[in-house]
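The chain contents come next:
2 protein chains.
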Amino acid sequence: MRAGNRKWVVIMVGLPARGKSYTARKVARYLRWLGYPTQVFNAGELRRATLGAGHRADFFDPSNRQNQRVLEGLARRTFDDLLEWLGREGRVGILDATNTTRERRDWLRERCREAGYEHFFIEVINDDARTIEDNVRANKLASPDYEGMGSEEAVRDFRARIALYERAYATVDDDEGSYVKVIDRHETMIVHRVDGWIPARVVGFLTNLQVTERPVLLTRHGESEFNASGKIGGDSALTARGRAFSRRLANFVDSRFGAGGIQVWTSTLLRTIQTSELLGRDRREWRSLDEIDAGICDGMTYAEIGESFPGEYEARTRDKLRYRYPRGESYLDVIQRLDRAIIELERQREPVLVIGHQAVLRALYAYFADVESERIPHLSIPLHTVIELTPRAYDCIEQRYALEP
Amino acid sequence: MRAGNRKWVVIMVGLPARGKSYTARKVARYLRWLGYPTQVFNAGELRRATLGAGHRADFFDPSNRQNQRVLEGLARRTFDDLLEWLGREGRVGILDATNTTRERRDWLRERCREAGYEHFFIEVINDDARTIEDNVRANKLASPDYEGMGSEEAVRDFRARIALYERAYATVDDDEGSYVKVIDRHETMIVHRVDGWIPARVVGFLTNLQVTERPVLLTRHGESEFNASGKIGGDSALTARGRAFSRRLANFVDSRFGAGGIQVWTSTLLRTIQTSELLGRDRREWRSLDEIDAGICDGMTYAEIGESFPGEYEARTRDKLRYRYPRGESYLDVIQRLDRAIIELERQREPVLVIGHQAVLRALYAYFADVESERIPHLSIPLHTVIELTPRAYDCIEQRYALEP
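Each protein sequence line maps, in turn, to chains A and B.
Numbered by my numbering, the letters in the first sequence go through residues 59 to 463 in order.
Numbered by my numbering, the letters in the second sequence go through residues 59 to 463 in order.
Hints were generated in silico from the structure; no laboratory data involved.
All the given hints hold, so there is nothing to weed out.
With a cut-off of at most 20 Å between alpha-carbon atoms, the simulated SDA-like pairs for lysine to any residue come out as follows:
#1 65(B) - 406(A)
#2 239(B) - 246(A)
#3 378(A) - 354(A)
#4 378(B) - 90(B)
#5 239(A) - 245(B)
#6 289(A) - 386(A)
#7 289(B) - 353(A)
Every value quoted in this text rests on a predicted model; they were computed, and no experiment measured them.
Make the full structure from the sequences, and use the hints.
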């Protein structure tokens with residue numbers, strides 16, 4: 059019997075090319091990873107799907123009454139889709155549209171109220187011309203709206219579209235309720251009357267979000283004595299093969315990063331600490347990176363678990379995500395305790411090497427690669443492999459290095 | 059080998075009676091509880107200790123050059139004390155003074171830089187006349203400065219003192235570095251370029267801080283089968299006596315709060331859930347409220363631990379705060395995982411009843427009662443007792459109810 063299952067509408071606000079979609083997707087991915095069904099609803103996508111792409115700035119001119127009615131209708135349909143999805147299965151619906159007028163926002167608030175959903179605003183404000191220009195060039199020119207158009211012409215057109223929105227833009231006011239304003243590429247944040255567990259998570263996440271591109275490297279510890287004997291959990295030392303991997307890992311990191319900055323994070327378990335020892339760098343030991351707690355099954359082989367606790371074995375096979383070892387943890391438990399590590403990873407401006415464990419790395423990997431929860435317990439994270447992830451605005455580049463000794 | 063042991067100076071900024079000291083003390087208590095040696099250095103206290111109390115508004119007039127030199131000297135000494143303490147043993151020093159001019163803040167920043175310490179500002183802004191008035195009446199009239207003076211006269215004098223500061227007040231600017239502005243009793247926060255683990259914790263804490271006064275009730279579960287047989291840990295059910303306590307607890311809560319709002323939080327362990335069952339209210343089960351993990355000693359009596367692991371038993375007796383059960387947790391580990399629960403407790407506007415366990419409740423109690431870390435493992439949290447804590451601006455009221463069945 060759990061209290062507090064309120065559903066939330068997150069209303070994005072901001073001029074075009076300010077980074078709304080970037081922020082909306084990052085937030086959505088984070089909330090999904092935490093276990094809240096979250097989806098972004100984008101009015102532009104619906105417009106292109108309905109009317110076809112290729113609309114120029116003049117199409118968005120507020121003085122063109124007919125087009126405005128069409129755009130209005132699309133905005134309503136996008137929001138209807140969001141509400142419908144929230145009613146059916148969603149927990150958090152994010153409306154990714156400009157919503158730059160007070161009238162529009164009042165209308166949205168009223169509809170949230172009628173439907174019995176909570177809401178808050180995320181307004182993205184970037185007035186630096188350079189940032190906007192970069193954003194237009196990096197993301198907007200690839201839009202189907204500009205297919206086949208020269209890039210300078212497309213930039214000019216998009217600027218004209220922005221100018222049309224600027225005329226009617228009103229920033230979110232204190233009397234509109236809870237809001238977060240994200241200003242100048244997350245340099246400044248204004249948080250107003252934010253209340254509730256999910257909004258508090260979003261604020262903590264946005265406060266620490268960096269826009270710097272830097273890789274995160276994930277690797278399991280070298281082979282341990284328990285690995286070699288097929289036992290789970292425990293706190294055993296590395297085998298000779300595991301130690302050989304730790305040497306290869308040190309060489310890899312040296313040749314990849316030289317004397318340069320890379321942070322090393324380990325769990326508090328011996329096998330990850332031993333794996334880090336030849337790196338010759340400071341390490342940070344995180345208890346929250348410790349392997350999933352197998353409770354009463356700790357130290358057993360899967361065959362032994364199947365024999366001693368056949369019911370447990372079967373329950374785990376049926377739902378590996380939610381299955382909690384008696385006196386131990388489930389994958390969902392692991393994700394909750396990794397929240398802090400994810401926030402810290404987002405905060406870092408330099409590369410980080412995480413030396414962890416299978417279940418923990420599955421969960422971290424899932425955050426960066428936006429893997430749906432059900433698939434997390436089945437991801438492949440083999441021993442003696444470095445997974446280098448470079449999160450970018452809308453995707454994540456992955457490279458794997460096999461360092462089998 | 060842990061990375062990142064930077065020392066921090068937190069510079070408070072704001073006009074008199076805005077709530078600087080309240081915020082400074084709350085932050086200090088929170089950081090101390092997390093395990094960072096933190097101390098508040100208050101210039102007003104040093105002034106009264108050095109010059110005696112009883113200074114009227116005209117003493118603070120910036121045009122009185124001689125007094126300004128005296129005040130300046132006191133401010134420097136307060137800051138010297140802070141730097142000296144930070145060099146010796148501190149981790150975070152909080153300078154609780156007005157620091158309302160740019161010149162003063164530039165000087166402070168330069169001194170932090172010279173000393174090799176990081177810094178950030180917390181500016182407290184409250185322009186609501188009512189809040190200021192309440193603050194003056196509640197906190198300032200009790201100041202030794204106004205001993206023996208009529209309250210209306212004292213209020214007038216304090217208002218005159220504020221007016222003198224207002225003339226020279228300049229809010230912290232973006233080019234002064236990291237800052238947090240706390241506006242209108244924490245309703246709005248502006249966070250600028252905040253970076254680093256400790257500042258990030260402070261921001262998360264301040265975002266969720268409520269100024270509403272409401273009690274937090276702590277109680278252990280009713281007697282469990284393991285309690286009765288002297289074993290630690292486990293996940294046993296309540297004894298008949300434990301069930302009798304759960305009835306008394308339900309009666310107590312009903313008579314104390316009626317049908318009114320009180321939230322019920324339990325751990326995920328059977329004995330706390332069973333204890334909550336007769337309350338007839340929604341409960342929230344928190345894994346982070348589970349009892350300290352005794353690792354390999356789970357399920358043993360202390361006598362058995364002493365016999366089987368004499369070295370462990372002795373190590374635990376020597377330093378109960380830092381001692382970590384093999385494969386289990388230390389009290390310091392428990393505090394780290396309770397961070398989230400504390401932030402959630404601070405966010406609540408209605409009373410909360412926490413049904414927990416001895417070690418976990420010791421840690422929660424220590425936060426509210428500001429108990430120094432070393433004493434935490436020795437606090438008395440008996441079975442069948444409700445501890446009602448009401449945190450106020452500068453202290454915490456405690457009442458204990460024995461509900462022994």
